[in-house]
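Student: Two chains, each in its own frame: build the complex with the hints.
Note that the protein sequences, when read in sequence, are chains A and B. When you line the first sequence up against our numbering, it's residues 1 to 304, in that order. When you line the second sequence up against our numbering, it's residues 305 to 729, in that order.
Just so you know, these hints were derived from the structure itself, not from any lab. Among these hints, one or two may not hold up.
Unchecked claim - Under the rule of at most 20 Å between Cα atoms (straight-line distance), these lysine to any residue pairs were calculated in the SDA-like manner:
1. A:LYS151 to B:LEU632
2. A:LYS151 to B:GLN629
3. A:LYS151 to B:SER609
4. A:LYS151 to B:ARG477
5. A:LYS182 to A:ARG170
6. A:LYS151 to B:LEU568
7. A:LYS145 to B:ALA607
8. A:LYS69 to A:VAL114
9. A:LYS151 to B:ARG723
10. A:LYS151 to B:GLN623
11. A:LYS151 to B:THR654
12. A:LYS151 to B:SER611
13. A:LYS151 to B:PRO610
14. A:LYS145 to B:SER609
15. A:LYS145 to B:ILE612
16. A:LYS151 to B:ILE612
17. A:LYS151 to B:ASN553
18. A:LYS145 to B:LEU634
19. A:LYS151 to B:PHE724
20. A:LYS145 to B:PRO610
21. A:LYS145 to B:MET624
22. A:LYS151 to B:GLN625
23. A:LYS145 to A:ARG238
24. A:LYS151 to B:ALA607
25. A:LYS151 to B:VAL608
26. A:LYS145 to B:SER611
Unchecked claim - If you want the ones that stay clear, here's a sample from chain B, every Cβ over 12 Å from chain A, calculated:
27. ARG319
28. PHE488
29. VAL511
30. PRO610
31. GLY618
32. GLY620
33. HIS630
34. LEU634
35. GLY672
36. SER690
37. LEU710
Where is the CB? At the ideal position from N, CA and C, for every residue including glycine.
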Amino acid sequence: MNTANVRMVAAPDGMPVVDRKEEGRRKPLVEVREQPTQATRVPAQTVGRATVDDPVMTTRHVNVFYGDKQAITDVSLDIARNEVFAMIGPSGCGKSTFIRCLNRMNDTIESARVEGAITLDGQDIYERRQDVVALRARVGMVFQKPNPFPKSIYDNVAYGPRIHGLADHRIELDEIVQTSLKNAGLWDEVKDRLQAPGTSLSGGQQQRLCIARAMAVSPDVILMDEPCSALDPIATARIEDLMDELRQNYAIVIVTHSLQQAARVSGRTAYFHLGHLVEVGDTDRIFTNPRHKLTEDYITGRFG
Amino acid sequence: MNKCAAEVVQAGLRRRYAAERRFRLYGLAAVLVGLLFLAALLVSIVSKGSPAFQQTQIRLDIHFDPEDIAPAGTIDPAELGRGNYPALYKAALRTLFPQVEERRLLADLYGLMSSGAGYELRARVLENPSLIGETHSLWLPADDEVDIFAKRWAGDEAGTERLSRHEIAWLERLGEAERLETRFNLRFFTSGDSREPELAGIWGAVVGSFFMLTVTLLVSFPIGVATAVYLEEFAPRNRWTDLIEVNINNLAAVPSIVFGLLGLAVFINFFGMPRSAPLVGGLVLSLITLPTIIIASRAALAAVSPSIREAALGMGASQMQMVTQHVLPLAMPGMLTGTILGMAHALGETAPLLMIGMVAFIVDVPDGFGGPATALPVQVYLWADSPERAFVAKTSAAIMVLLGFLLVMNAAALLLRRRFEKRRS
Ligand SMILES: Nc1ncnc2c1ncn2[C@@H]1O[C@H](COP(=O)(O)OP(=O)(O)O)[C@@H](O)[C@H]1O
Ligand SMILES: [Mg+2]
Numbered sequence: 001m002n003t004a005n006v007r008m009v010a011a012p013d014g015m016p017v018v019d020r021k022e023e024g025r026r027k028p029l030v031e032v033r034e035q036p037t038q039a040t041r042v043p044a045q046t047v048g049r050a051t052v053d054d055p056v057m058t059t060r061h062v063n064v065f066y067g068d069k070q071a072i073t074d075v076s077l078d079i080a081r082n083e084v085f086a087m088i089g090p091s092g093c094g095k096s097t098f099i100r101c102l103n104r105m106n107d108t109i110e111s112a113r114v115e116g117a118i119t120l121d122g123q124d125i126y127e128r129r130q131d132v133v134a135l136r137a138r139v140g141m142v143f144q145k146p147n148p149f150p151k152s153i154y155d156n157v158a159y160g161p162r163i164h165g166l167a168d169h170r171i172e173l174d175e176i177v178q179t180s181l182k183n184a185g186l187w188d189e190v191k192d193r194l195q196a197p198g199t200s201l202s203g204g205q206q207q208r209l210c211i212a213r214a215m216a217v218s219p220d221v222i223l224m225d226e227p228c229s230a231l232d233p234i235a236t237a238r239i240e241d242l243m244d245e246l247r248q249n250y251a252i253v254i255v256t257h258s259l260q261q262a263a264r265v266s267g268r269t270a271y272f273h274l275g276h277l278v279e280v281g282d283t284d285r286i287f288t289n290p291r292h293k294l295t296e297d298y299i300t301g302r303f304g
Numbered sequence: 305m306n307k308c309a310a311e312v313v314q315a316g317l318r319r320r321y322a323a324e325r326r327f328r329l330y331g332l333a334a335v336l337v338g339l340l341f342l343a344a345l346l347v348s349i350v351s352k353g354s355p356a357f358q359q360t361q362i363r364l365d366i367h368f369d370p371e372d373i374a375p376a377g378t379i380d381p382a383e384l385g386r387g388n389y390p391a392l393y394k395a396a397l398r399t400l401f402p403q404v405e406e407r408r409l410l411a412d413l414y415g416l417m418s419s420g421a422g423y424e425l426r427a428r429v430l431e432n433p434s435l436i437g438e439t440h441s442l443w444l445p446a447d448d449e450v451d452i453f454a455k456r457w458a459g460d461e462a463g464t465e466r467l468s469r470h471e472i473a474w475l476e477r478l479g480e481a482e483r484l485e486t487r488f489n490l491r492f493f494t495s496g497d498s499r500e501p502e503l504a505g506i507w508g509a510v511v512g513s514f515f516m517l518t519v520t521l522l523v524s525f526p527i528g529v530a531t532a533v534y535l536e537e538f539a540p541r542n543r544w545t546d547l548i549e550v551n552i553n554n555l556a557a558v559p560s561i562v563f564g565l566l567g568l569a570v571f572i573n574f575f576g577m578p579r580s581a582p583l584v585g586g587l588v589l590s591l592i593t594l595p596t597i598i599i600a601s602r603a604a605l606a607a608v609s610p611s612i613r614e615a616a617l618g619m620g621a622s623q624m625q626m627v628t629q630h631v632l633p634l635a636m637p638g639m640l641t642g643t644i645l646g647m648a649h650a651l652g653e654t655a656p657l658l659m660i661g662m663v664a665f666i667v668d669v670p671d672g673f674g675g676p677a678t679a680l681p682v683q684v685y686l687w688a689d690s691p692e693r694a695f696v697a698k699t700s701a702a703i704m705v706l707l708g709f710l711l712v713m714n715a716a717a718l719l720l721r722r723r724f725e726k727r728r729s
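The following block holds chain B by itself, in its conformation from the complex (with noise of 0.2 Å):
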């Protein structure tokens, strides 16, 4: 009987290893599936994007001719920035290139340039008003057909088709003479957004963003922790509790755009508070984290190990003693850990965004609350929607400043949590 038995087992044992392995190879194969998808969507947004990090420049000997820029011969600065800036690279151009003359080769000439170039220029002479007169060597920012030119260029790859036979004649007189460069492109991530491609950054987005979630994460914060204490450890459990807590779930799992529409109709219609601002995308953001940080926080509550309350408690501690002084302490990594997830969530919404205005289109780096801005996700939307074939590098840079953020904030959540293991056991 028993060796009977045993044969059975040994029997059974090859199929029962064999499905094991089996069920080991399913899986694994999923996960490489999965790895494989995320590794060719990286791959395709870093190709993609990684060249917006570089800029075309071209070096041009700018004499600051008073004649152009400070024609009344005062050096006030309102009078200064009304000078014809543009004039000075012209005449740069026109120097190394004396032979052309036609006036629509000209307008092609100028037209290496971005007009970023005569930006930079009046920034320089309102910095520093005792260039005017003498003459520099400086790289100026090219226009973003020759960006994209030279790039391929230096790839070895044809991208001709957008540049006349002049034009490409001239980017190489340039390149001969070193006057054409690719340098890292500083503006991407200092300035505002742009119509203008080789102009166009990312930190308008990523302040207004800032701002966004500095109101979020005030707002969702404390309310999520403190509606989660009070129906974890004070509210009676009764069909008002019950009725709450199955709304909160719902609440978690409502489409975001529908947050955006209630955002429009209370903040902006009702309460009238400007539209594109980063406070009203805050709140509206709010909304959204708020579900996640209450769940997080309840889950972080109900951890806590009910021999801690039960020792508080017998030690004549009130409840609330007993919640603040014992019980909220253990869970707050397990809250922060909610949050931060939740806080990266609502760094990646757009829709809700869109529908508070936050869509338009947004020069200055916000400065405050109240003021016009827009958010990261919402950049990537504008730019992936932009028709100048440049805006496509910044795109996907953009991805990479987003997904770069995300992963600081999940990592940061990931080291929270490990820290707050490794202290109980």
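Isolated chain A (complex conformation) (with noise of 0.2 Å):
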């Protein structure tokens, strides 16, 4: 990358940020449809405060690349615990490109290769000796369209633990998927008809049903890309009001298209443009105070 003509200075947190008035560098990824002007370019650092104290993920210098095409450039931020964190941003900005790095998901694209460092709990987990399986034991992730399998709801919430070998009998595998269905909000509608197919339920249960199958394996982080968007508002809302109360136990990271949704639910958002991300902060502050020019015009609804 070339730094040269950015001054840095010092953040609070240790963090470099960039001096706002030096953001005018080159940048060949620009593409935003108006004239670009200095402001609406990307920054050559994260605008905000991308560290916490006490991360349960960390990722540094993500750069995520299809082929040749660069999708994520170099994107250092962290998950806390309990919190739920938001990223918006215009589609084809990378957001699911990198919330899919955190459980390796991308491995299964071949022609995606990730460079930089990320961590769980303090682990790199792009390290050889770190086993997928395992990994995705610990990053639950919840997908854009409810993708049950065409199994028993009991079978699609079960599933984790048994290929985990997390329950030792029936009674506890049975507990489990209680536990799962009820912390889902979907065991007064299911708990009569266990039995029948996960495909059978509406497309709100369904994706309630996969968030019961992703807890059931208590993983510490839960990634969701999109969860609401195939929902209709009243599903949205039992889904949102969910995220509060798993947020008691476990981190989360949804990415969404709704403004609204990132306000009511997170606790701090980013926003990634371009692949870059370009600002990132407690949710409150990034609604109604934001630093920088593109996430100014991206909550303020001029594009995307």
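Tutor: In structure tokens form, the structure reads like this:
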């Protein structure tokens, strides 16, 4: 990276932030629709405080490439314990790509290449010794489209505990299934038909089933990539309520296209733009007082 | 401007609809022509083949004379088997037509009966030796020319050119005495091949085809599915796997007789397996069906929604668990459909079987994978090649049986796909 003409100043938390007057670097990736002015270019360094004191996950200088195409450029940020962390940004800015780095789902894409360091509880998850199966048991994922297995509701939730050998007895398994469904707010709706196929539920119920399924293995982090984009407002509201409760036990990283949703559910928010992490900070601050012009444009609805 | 555009659209509309109607008519015409050919084929086969399901029989009062069949007086099966059984029906015929005395005429008279009549009498005696000495009225198979004559006679058509005046007179006498009848030809479904059309049956070929397809299924299904799973789910995309893929697709287009030659060279000449055996036939057919099964299975695997894969991997399933627990069960109906279609294809293959000697004339119903056998399409080929007129009907009847099996298999594939689609939606 060409950083020669950028004047760094030390931020109070130790992460270097960029003096806003010096943002006028030539960046090849900038393709915003309006004529690029100085302020609408991505900053060389993330604006705002990207680190926390006791992170569960950290990413440092993460670059992701699909073949020759760079989808994520130099993203460094921390995920705190028991927080809901929202990622917003226009389509194609790399939110999904980034969130999929956190449980190495990008491994399944042959052309994808991840650089940089990502840790979970201080352990590098891209290290050779790290087993992806073990990693994904600790970092669960809920996808955009509800994707229950074509099996019974019970078997959907019991799947994770079964393959990871978390329950010794049937009774234990029953308990895990019940707790997970309760925590996902689905128990009362399905307790009489646990053997019905998961695909027979409504879209919102299916998504909560997927959340229950992810919780059943007691992960540390749950990643959610636009979990409500296929749901109606009522189902969305239920999942948003749920997230606040889940925060007690898990760290949640959520990608959302709805700014209101980010504002309602998250404690911190990150704004991505063309593969760069432009700004990150407390959700209240981001929405009331965005520091970067791109963030401001996005949350005031000027593009995206 | 707006109105103008509307007018232009209006003007073009009729032309567009006319083009659409024309196109639909072409399509319909093409379908109708196809159906016409199919109907012509089916009508010709059914009309030619249906007489083969009936067989003319003659009722004779057989006296199981111990003189002829048990001269030594024992009922030892080996001894009984050597008896002169044709003498029994010859005697019965002589009693019916005492006026025939000249030797040549007598030979013609005996010729009304199939040589199978003697075999049938022997079978009855061996099964039940207490018949010896008794007299029974029995329906016995008539000669194939008599059969043709009787069937045409019933249809009020002259088919007399092959029979002499005497023979026709005798048959008419038999008919008046209600001793001549066309009955359901059970023998066609229960016996093996024969030089005598009236004795030839399809069962040997059906059993041979069954043994062969069993081998084909056991070999090609596991290998095909395993190959497809490996290529689709595990193999890295590189030049080697590309090469393998191209070759599999090419194999699907190789003429089947080439596989026959390969089978002859490898299985018979190199490994020394027996000729005309269902084992070798099944192996050769496996080579032919493998590409079909692999291609169909890969398509079925690729059609499994990526969201299910993501769900499994996201839960921490290993690649293997994802494939065996989620992808394979969802792809299985598609794989089975492809397999059934491949097996149907194999059932109809003839050329490669000719190369490995399955074209031999085999009377016995095959009893295993290693013994000599024939197959349904080869039976059709053999009968179509036989000079006896009565084999024309047998050929068409065998084709009907073959088509019946193909229809059942294709229907099974269709049903499977329907059930699969219903479950997915
Ligand atoms: N599998 C892939 N192969 C190649 N390019 C991809 C792939 N997935 C995403 N991309 C590209 O990466 C960029 C970021 O995509 P994505 O992470 O899906 O964005 P977002 O989720 O923010 O909409 C886009 O330009 C997209 O075209
Ligand atoms: Mg996305």
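Student: None of the hints should be skipped; say for each whether it holds.
Tutor: Results for each hint:
{"no.": "1", "hint": "A:LYS151 to B:LEU632", "verdict": "holds (14 Å)"}
{"no.": "2", "hint": "A:LYS151 to B:GLN629", "verdict": "holds (11 Å)"}
{"no.": "3", "hint": "A:LYS151 to B:SER609", "verdict": "holds (15 Å)"}
{"no.": "4", "hint": "A:LYS151 to B:ARG477", "verdict": "violated (74 Å)"}
{"no.": "5", "hint": "A:LYS182 to A:ARG170", "verdict": "holds (18 Å)"}
{"no.": "6", "hint": "A:LYS151 to B:LEU568", "verdict": "violated (48 Å)"}
{"no.": "7", "hint": "A:LYS145 to B:ALA607", "verdict": "holds (17 Å)"}
{"no.": "8", "hint": "A:LYS69 to A:VAL114", "verdict": "holds (12 Å)"}
{"no.": "9", "hint": "A:LYS151 to B:ARG723", "verdict": "holds (17 Å)"}
{"no.": "10", "hint": "A:LYS151 to B:GLN623", "verdict": "holds (19 Å)"}
{"no.": "11", "hint": "A:LYS151 to B:THR654", "verdict": "violated (44 Å)"}
{"no.": "12", "hint": "A:LYS151 to B:SER611", "verdict": "holds (14 Å)"}
{"no.": "13", "hint": "A:LYS151 to B:PRO610", "verdict": "holds (16 Å)"}
{"no.": "14", "hint": "A:LYS145 to B:SER609", "verdict": "holds (12 Å)"}
{"no.": "15", "hint": "A:LYS145 to B:ILE612", "verdict": "holds (10 Å)"}
{"no.": "16", "hint": "A:LYS151 to B:ILE612", "verdict": "holds (11 Å)"}
{"no.": "17", "hint": "A:LYS151 to B:ASN553", "verdict": "violated (35 Å)"}
{"no.": "18", "hint": "A:LYS145 to B:LEU634", "verdict": "holds (19 Å)"}
{"no.": "19", "hint": "A:LYS151 to B:PHE724", "verdict": "holds (15 Å)"}
{"no.": "20", "hint": "A:LYS145 to B:PRO610", "verdict": "holds (11 Å)"}
{"no.": "21", "hint": "A:LYS145 to B:MET624", "verdict": "violated (24 Å)"}
{"no.": "22", "hint": "A:LYS151 to B:GLN625", "verdict": "holds (15 Å)"}
{"no.": "23", "hint": "A:LYS145 to A:ARG238", "verdict": "holds (16 Å)"}
{"no.": "24", "hint": "A:LYS151 to B:ALA607", "verdict": "holds (18 Å)"}
{"no.": "25", "hint": "A:LYS151 to B:VAL608", "verdict": "holds (15 Å)"}
{"no.": "26", "hint": "A:LYS145 to B:SER611", "verdict": "holds (8 Å)"}
{"no.": "27", "hint": "ARG319", "verdict": "holds (42 Å)"}
{"no.": "28", "hint": "PHE488", "verdict": "holds (49 Å)"}
{"no.": "29", "hint": "VAL511", "verdict": "holds (40 Å)"}
{"no.": "30", "hint": "PRO610", "verdict": "violated (9 Å)"}
{"no.": "31", "hint": "GLY618", "verdict": "violated (4 Å)"}
{"no.": "32", "hint": "GLY620", "verdict": "violated (4 Å)"}
{"no.": "33", "hint": "HIS630", "verdict": "violated (6 Å)"}
{"no.": "34", "hint": "LEU634", "verdict": "violated (7 Å)"}
{"no.": "35", "hint": "GLY672", "verdict": "holds (42 Å)"}
{"no.": "36", "hint": "SER690", "verdict": "holds (55 Å)"}
{"no.": "37", "hint": "LEU710", "verdict": "holds (32 Å)"}
Hints 4, 6, 11, 17, 21, 30, 31, 32, 33, 34 from the list above are not met by this structure, while the remaining hints are.
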